[in-house]
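For the protein sequence lines, the chains are A and B, in the order given.
Quick note on numbering: my numbering labels position 160 of the first sequence as 160, and the sequence is numbered without any gaps.
Quick note on numbering: my numbering labels position 252 of the second sequence as 252, and the sequence is numbered without any gaps.
What the hints contain is simulated information worked out from the structure, not anything from laboratory work.
Where hints are given, some of them may not hold.
Which residues of chain A face chain B? A few of them, derived with a C-beta cut under 8 Å, are [as the list claims (entries may be wrong)]: (1) 113; (2) 138; (3) 139; (4) 141; (5) 142; (6) 143; (7) 226; (8) 251; (9) 274.
Simulated restraints on C-beta separations [what the hints assert, rightly or not]: (10) B:13 with A:53: 35 to 43 Å; (11) B:11 with A:104: 43 to 51 Å; (12) A:266 with B:41: 29 to 37 Å.
Cβ coordinates follow ideal geometry from the N, Cα and C atoms, glycine included.
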Amino acid sequence: MNGKSTDFPLRRWLLAMPALALVTLFIAAPYLTIVVMSVRSPSNVQIYGPGFTLHNYLRIVSDRLYLGLLTDTLLYAAVTAAICLVLAYPTALHLARTKSRLRGLLYAAVLSPLLTGVVIRCFGWIVLLATQGLVNDGLRLVGLGPIAFLYRPVGVIIALVHVFLPFMILPIMNAIEAIDPRLDEAARTLGASQATVFRRVIVPLSMPGVQSGVILVFVLAASAYVIPMLVGGGRVPTMATVIVQQLLGGFLWPFGAALALVLSAAVVLVLVGFIMLIRHTMRRLA
Amino acid sequence: MRLRHAALIGCVSAVYVFLLLPTAIVILTSVNAAEYLSFPPIGFSLRWYRAFFAARQFTEAFWFSIWLGIAASFFAALVGTPAAIFYVRFLRTAREQFRFAVLSPLLLPEVLTAIALLFFFNQVFGGTQSVLPLLIGHVVITLPFVFLTVTSALYNMPPSIEEAARTLGAGTWRTFLRVTLPLIRSGVITGALLAFIMSFVNVNISLLLKSVGTTTLPIQLFDYLRYDFDPTAAAASTVSVALTMSLLVVIDRIYGLRAVRF
């Protein structure tokens, strides 16, 4: 190294300094604060009492209520991810391969919900799913009585699927787009039927997209707060709604922090299991 | 085979209806003359827009959201643009780690980030009395959008142009101002517009970090919808949708929707 290049890298690092400082100070340090908060002792007069304890964690794992809440939350998230996958795959396949002039418009239709805001979309579902709403009007026409969607898990899951569906469509679309169309042609030339091409070429090669989509949707759905609050009317408790309630309503910060970390750990565990399953299936396909 | 294609088109169309229906319903409700949220509409009226513009809690929240979005996107662009230049042009080692660090606000669950920031500001800065914690939260959350867009703008621009400028005698700083910046300007503007939208529709960060007495439009709507369902909220929502969708059109014009990545 000559003298000139030793001071250049330092000056270049200055470009990255503001962003790194922002992320260190306002992401890394705050996340550390959650960990510290979760082992503080609870207090009635202050945010937390003196000393450190594991009591918050013990309270969660020994209480049926919180364990039930955790399994409910993970179940809603898993169901949401599964339904999203079923709805997203054909849409992503079509969007990735279509030569239609409407393609740009269809892409905008997938993207625009992400920029609309979750409150407004929940509002739409509240109107649609009400007892006198459009969905129940339609059900009445075909002879199915009014179904109570709102304030029930079923309504919450419908809204969760709707809000997070683009996060499943976009990665799968990207993965399918990255598949060289000549691979399809080669397989067809070698005598594979269209169904076989789909099963043996498209599906395995789009797996990375499926994996990212499922991870994204599962994490987002497991930590969703606004949707269970609005469409569930606060009557479909999830980990996120209970945690925020502990923080804003009860000022039980150490306990809320422990709940947040238990949820994160559970989500990570489920995802590790899922990734191992995908790897295993991929190996058998290959 | 044709049948299978028709079935695919049918499924896909149903998914698009599912994606767009709730927003369409909100817009329809806002111009419905009925007293209560009802469907089908009984007649066209702009009365709920008059009610929206007359309701101070909504207009104040609206202008505060605009202000917050502009401030957050400005700082996100100011911080994110040099980071993207550093990442694309100079960084040789630990590239994945750097990218992960800058994108972490997007990858981590937003509620968790909001909780972390709430604790942090209380422990270190003595609470969320001023508007600063809220602004910082919004800058952190919107930073990845600037980074992603500017990164892709830089990849689309050959580095040889900068080398040419330097060969012709321009210094580093001059090259940046006169060559790089003009060429990635549309990328930076697109990133800032996306940052504005993501700040404008944010709920989780705002909910936990807002100070007493200030409220953003999504928070106002959120509070309103928990107790009231009158169509004023639909008018407020439609105004918000109209704003973000026109920005999406602007993004499409200056950079293309392909820039919008998550």
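Quick rundown of the hints versus the structure:
| no. | hint | in the structure |
| --- | --- | --- |
| 1 | 113 | holds (6 Å) |
| 2 | 138 | violated (11 Å) |
| 3 | 139 | violated (14 Å) |
| 4 | 141 | violated (13 Å) |
| 5 | 142 | violated (16 Å) |
| 6 | 143 | violated (20 Å) |
| 7 | 226 | holds (5 Å) |
| 8 | 251 | violated (11 Å) |
| 9 | 274 | violated (17 Å) |
| 10 | B:13 with A:53: 35 to 43 Å | violated (56 Å) |
| 11 | B:11 with A:104: 43 to 51 Å | violated (21 Å) |
| 12 | A:266 with B:41: 29 to 37 Å | violated (45 Å) |
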